[in-house]
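Using the sequences and the hints given, assemble the complete structure.
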Amino acid sequence: MPLYWRVVVINAVVFVLGTVALALAPVTVSARVLASEAVVLAVGLTAILVVNALLLRSTLRPLDRAVRLMERVDLRMPGERLPETGAGPVAELVEAFNAMLERLEAERSASTARALAAQEAERHRIARELHDEIGQGLTAMLLGLKRAIDRAPDEVRGDLELVQQAARGSLEEVRQVARRLRPGVLEDLGLLSALAASATDLSTHSRIHVERGLASGLPDLGPDAELVVYRVAQEAMTNIARHSDADTVWLSLSRQGDNVALLVADNGRGTSGLQEGAGIRGMKERARLVGADLTVRPRPEGGTEVRLVVPIKEDADP
Numbered sequence: 001m002p003l004y005w006r007v008v009v010i011n012a013v014v015f016v017l018g019t020v021a022l023a024l025a026p027v028t029v030s031a032r033v034l035a036s037e038a039v040v041l042a043v044g045l046t047a048i049l050v051v052n053a054l055l056l057r058s059t060l061r062p063l064d065r066a067v068r069l070m071e072r073v074d075l076r077m078p079g080e081r082l083p084e085t086g087a088g089p090v091a092e093l094v095e096a097f098n099a100m101l102e103r104l105e106a107e108r109s110a111s112t113a114r115a116l117a118a119q120e121a122e123r124h125r126i127a128r129e130l131h132d133e134i135g136q137g138l139t140a141m142l143l144g145l146k147r148a149i150d151r152a153p154d155e156v157r158g159d160l161e162l163v164q165q166a167a168r169g170s171l172e173e174v175r176q177v178a179r180r181l182r183p184g185v186l187e188d189l190g191l192l193s194a195l196a197a198s199a200t201d202l203s204t205h206s207r208i209h210v211e212r213g214l215a216s217g218l219p220d221l222g223p224d225a226e227l228v229v230y231r232v233a234q235e236a237m238t239n240i241a242r243h244s245d246a247d248t249v250w251l252s253l254s255r256q257g258d259n260v261a262l263l264v265a266d267n268g269r270g271t272s273g274l275q276e277g278a279g280i281r282g283m284k285e286r287a288r289l290v291g292a293d294l295t296v297r298p299r300p301e302g303g304t305e306v307r308l309v310v311p312i313k314e315d316a317d318p
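Everything in the sequence shown is counted per UniProt numbering, starting at 1 for the first residue and increasing by one.
Hints are computed from structural coordinates only; laboratory data are not their basis. Ideal Cβ positions, reconstructed from N, Cα and C, are used throughout, including at glycine. Certain hints may be false.
FRET-style restraints, in silico, Cβ to Cβ [claimed, not checked]:
1. 123 with 162: 30 to 40 Å
2. 259 with 81: 20 to 30 Å
3. 298 with 172: 56 to 66 Å
4. 222 with 281: 19 to 29 Å
5. 81 with 128: 42 to 52 Å
6. 81 with 39: 45 to 55 Å
7. 110 with 222: 11 to 21 Å
8. 114 with 166: 39 to 49 Å
9. 161 with 213: 39 to 49 Å
10. 158 with 259: 54 to 64 Å
11. 222 with 121: 12 to 22 Å
Below you can see the structure in the form of structure tokens.
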């Protein structure tokens, strides 16, 4: 029965029952309503209203739940659903609403996966161009400068050596950017070596001391999950270097039951009062793609803690 006719039938039933009760009750109403009769009428009307309200409440309450969920639903935090109870048109509405949320979450997840895959492909392309074109050009420049320095008179040799040092520094920066864009060490040497290299880069360029606790013998997470772990650690350490004013970072990767946990913590100024930025949202998006759980919270001792918990694949070796 459509919802409109369901409400009409409920009201009709209540009014019919009220009319029957009034007809069968041993009460009369005078031309001038007496106080006792007014009390009886008020009690009867109140009973009719209460019964009607109770019957309609059970029918329409799921609509109120749907409205409240629509107001607070956030596709970046999936999983919220309306309870599927009862039967009839409202139950069908609840079922359709939950199915719509599932489709939207699935589409958003697929869109995010495509966007991140395109991002990784673009990173690889830029890294390759930096290495093959700009890097090789700077290398050729350094070779030419070396030959020029060897043949240059003393009065210009110093200037050429300064140019050579600047070109060498630029070449090293290009290589570092290319490494950050395309984690070749992750593909060639594995996750632990890639995390260790990122920690070394952080210590070298920001003077932040990194204490490592990278457990060996961890199960294989697969290329997608390992890339997520690496990117989350990379983003967390980049945020620390840029915003935290920390002097110590703790980086660990360990097994916890059926999960592998990444921890990046610092002793900086923390994130209290700061809004969630694009970096943290990006980390959460990556984590959801591999079924991982990411939390970013302040440490009791001061600073910030980023924890990523990645489930181990069922077919992974122990």
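Hint check for residue 81 and residue 259 - Cβ pair distance inside 20 to 30 Å: 25 Å, holds
Range hint 11 to 21 Å (beta carbons of residue 110 and residue 222) holds or violated: 19 Å, holds
Outcome of range test on Cβ distance (residue 222, residue 281; 19 to 29 Å): For residue 222 and residue 281 the Cβ distance comes to about 23 Å; the hint holds.
Verdict for residue 81, residue 128 (Cβ pair) under range 42 to 52 Å: With a Cβ separation near 44 Å, residue 81 and residue 128 satisfy 42 to 52 Å, so the hint holds.
Range hint 30 to 40 Å (beta carbons of residue 123 and residue 162) holds or violated: Distance hint for residue 123, residue 162 holds at roughly 33 Å.
Supplied distance hint 39 to 49 Å, evaluated on CB atoms of residue 114 and residue 166: 41 Å Cβ-Cβ, so the 39 to 49 Å window holds.
Beta-carbon spacing of residue 222 to residue 121 - inside the hinted bounds 12 to 22 Å or not: Once the Cβ atoms are compared, 19 Å apart, the range 12 to 22 Å for residue 121 and residue 222 holds.
Pairwise beta carbon distance, residue 158 to residue 259, judged against the given window 54 to 64 Å: 58 Å, holds
Cβ distance range 39 to 49 Å for residue 161 and residue 213, holds or violated: 43 Å, holds
Verdict for residue 81, residue 39 (Cβ pair) under range 45 to 55 Å: Holds, at about 48 Å.
Consistency of beta-carbon spacing, residue 172 to residue 298, with hint 56 to 66 Å: About 36 Å separates the Cβ atoms of residue 298 and residue 172, which means 56 to 66 Å is violated.
The structure fails hint 3 only (numbered hints given earlier).
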